[in-house]
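Protein chains in written order, with the working numbering: chain R, 100 to 455; chain C, 805 to 988.
Just so you know, the hints here were simulated from the structure itself, not pulled from any lab data.
All values reported here derive from a predicted model rather than from experimental measurement.
Quick reminder that beta carbons are idealized off the backbone N, C-alpha and C, glycines included.
Some clues are possibly wrong.
Cβ pair distances, simulated, as ranges [stated by the list, open to error]:
(1) C:937 to R:130: 32 to 38 Å
(2) C:884 to R:193: 23 to 29 Å
(3) C:912 to R:192: 40 to 46 Å
(4) R:110 to C:861: 22 to 28 Å
To give a feel for the contact side, a few chain R residues facing chain C, derived at Cβ under 8 Å [said to hold, decoys possible]:
(5) 132
(6) 134
(7) 192
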Amino acid sequence: MTLRPATLLGDLRERADGGFDGWCWAPDRPGERLVVDLLVNDTVAVSMVAGLFRPDLLPLGCGDGHHGFSLRLPPDHVPAGEECLISARERRSRQVFGRVLRAGPGLAPPGAARLAEAAAAVEALWRDLAPLRTAAGPAGRLRAAFGRLAGELAALERPAASCVPGVANPALTLVLPAPAAAGHRAALAPALAEIGADIVPADPAATPQAALAAAGSRGGCVVLLDPARAPSAASLMALARAVAQAPDAVLVAAPVAEAAAALVRPMVNATLGLPAPLGVLIGGPGAVWGRLGVGESITCGGDVVFACADLALRTRLLGRPWRVVTEPAAPIPPADGLPPSPHAIARLHERWGFGA
Amino acid sequence: MLRERERVVLDFSRVQDRAASGGRRGGALDCEPGVVRLFGVADLGARGQMSGWGEPEDGHVWNDGPQATLLIAVPAPPSRLLLLLGGEPYVSRLRPAQEVTLFGNGLRIGFWRLTQRAGATLSAPLEPEWWLRRGGRAVMRLDLHLPNSARPIDIADGPDGRELGFCFRTICLRPLADEADMTA
Chain R
100 MTLRPATLLG
110 DLRERADGGF
120 DGWCWAPDRP
130 GERLVVDLLV
140 NDTVAVSMVA
150 GLFRPDLLPL
160 GCGDGHHGFS
170 LRLPPDHVPA
180 GEECLISARE
190 RRSRQVFGRV
200 LRAGPGLAPP
210 GAARLAEAAA
220 AVEALWRDLA
230 PLRTAAGPAG
240 RLRAAFGRLA
250 GELAALERPA
260 ASCVPGVANP
270 ALTLVLPAPA
280 AAGHRAALAP
290 ALAEIGADIV
300 PADPAATPQA
310 ALAAAGSRGG
320 CVVLLDPARA
330 PSAASLMALA
340 RAVAQAPDAV
350 LVAAPVAEAA
360 AALVRPMVNA
370 TLGLPAPLGV
380 LIGGPGAVWG
390 RLGVGESITC
400 GGDVVFACAD
410 LALRTRLLGR
420 PWRVVTEPAA
430 PIPPADGLPP
440 SPHAIARLHE
450 RWGFGA
Chain C
805 MLRERERVVL
815 DFSRVQDRAA
825 SGGRRGGALD
835 CEPGVVRLFG
845 VADLGARGQM
855 SGWGEPEDGH
865 VWNDGPQATL
875 LIAVPAPPSR
885 LLLLLGGEPY
895 VSRLRPAQEV
905 TLFGNGLRIG
915 FWRLTQRAGA
925 TLSAPLEPEW
935 WLRRGGRAVM
945 RLDLHLPNSA
955 RPIDIADGPD
965 GRELGFCFRT
975 ICLRPLADEA
985 DMTA
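Could you build all of it, start to finish, from the sequences and the hints given here?
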């Protein structure tokens, strides 16, 4: 058998925005700008002269490098909601040199592209921070130092009248809006002492990343967003139990007041930057979650019990495991797509003390 | 006084004379419907660019002056086509907008006011009856009026002495059913 020399070289890649980039060059026609047909399931959707300059072709010896193309499929050429095969074919020789399998226009809605971009950025940040996550060595000491510094900074932010010594290694850290933090600290002092919890105040006028980072560097992190109401001691104990069960979890426990709705979204976004493999999002008036557009939710009597789909989706995108923390005494059904039973929802209300 | 359409025909004669005499710009630009062509040295070069154009560059060509004329041709008889011109307007602080008026064989077929220095696609439908038949081809003279074209050197925006209005990157004639922008 004799191998025929390659008569066509090329490549086809899909971009994050749904368009296609590629190149095509024929060694036996080195100076020719080839016409590339982009086919959707064997039907020509769009064609282009491959004449864009690509510097990466020069080292490959592909002519003068002007053999690239960049195309976007017309929307009406992509079957809605169906898998389709995108092929790149050189018109004259009818040789196919690249294929991409994708599933209809649903793969490239504007939101999904932006979400994928954001997920990639967060993933990159996560990788960059990897050395800081290890406990041993200089990086570990740096992390500990950062934690101490964050604690000191947080202590400086507290009003002097209600300032109590920060807990060295809190089992639980609450992030509360600064104006409410002082009052809550005083009201919750016994419970905080009992469970070894601490409060980090967050500036409600600024993004909560700094406060979350400070809390995240200190231990289990619970974010309470209601500036008008102190969490009850029972709620606090329930949260402590949940955190003890999953010490690396970031919990966004949100008995959300209408006035605090604007804080929820940045808080939820900020939790994604924390080094936590788990995420839980619990509770709050349904109207607030609905207005925020937080994914799917499971409602009970007008209150959203779980509104975790948005966070779950993003943690999945980051390749991080996801589950709902459960209480041993009354397990909450995991977020595996099955809604919890009414009994479990009622028990959740009762145990966690959340609700409108 | 000649009617506009007659004037266009006469202009075509001059254009064809110029092409026949080996003019640098050559004859009409043959467009295959559905294929995106690239302005600039790699693909189109100076083809079809009769007047008012700068030198073709890498992946693009600028207009040079307030009017640029492009002569295009398709196999006759033409169907209903959508003209898509992709590129980027020359917009700067001192030249905050570019206005583009497109005439096809003397008929006003499009107007755009571009205020963002970003990729833009000028699209205009071309009806079959607007084309002029020349043998087996249908030809159209596209006149682009760019009254806001400016020389960068005059507005302290660089040393370029050309009168720039729009940087042309791609051209495509597509069946009118597909009105979306195809190029990236």
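Results for each hint:
At roughly 34 Å, the beta carbons of residue 937 of chain C and residue 130 of chain R sit within the given window of 32 to 38 Å. Here the CB-CB span from residue 884 of chain C to residue 193 of chain R is close to 28 Å, well matched to the stated 23 to 29 Å. A hinted range of 40 to 46 Å for the beta carbons of residue 912 of chain C and residue 192 of chain R is consistent with their spacing of about 42 Å. Remark: the range hint 22 to 28 Å for residue 110 of chain R to residue 861 of chain C is upheld by a beta-carbon distance near 25 Å.
Taking 8 Å as the C-beta cut-off, the interface hint given for residue 132 of chain R holds, the closest approach to chain C being about 5 Å. Given hint, residue 134 of chain R at the interface with chain C, holds; its Cβ is 6 Å from that chain's nearest Cβ, closer than 8 Å. Residue-level restraint check for residue 192 of chain R is violated (minimum Cβ-Cβ distance to chain C is 16 Å; threshold 8 Å).
Violated hint: 7 only; the structure is consistent with all others.
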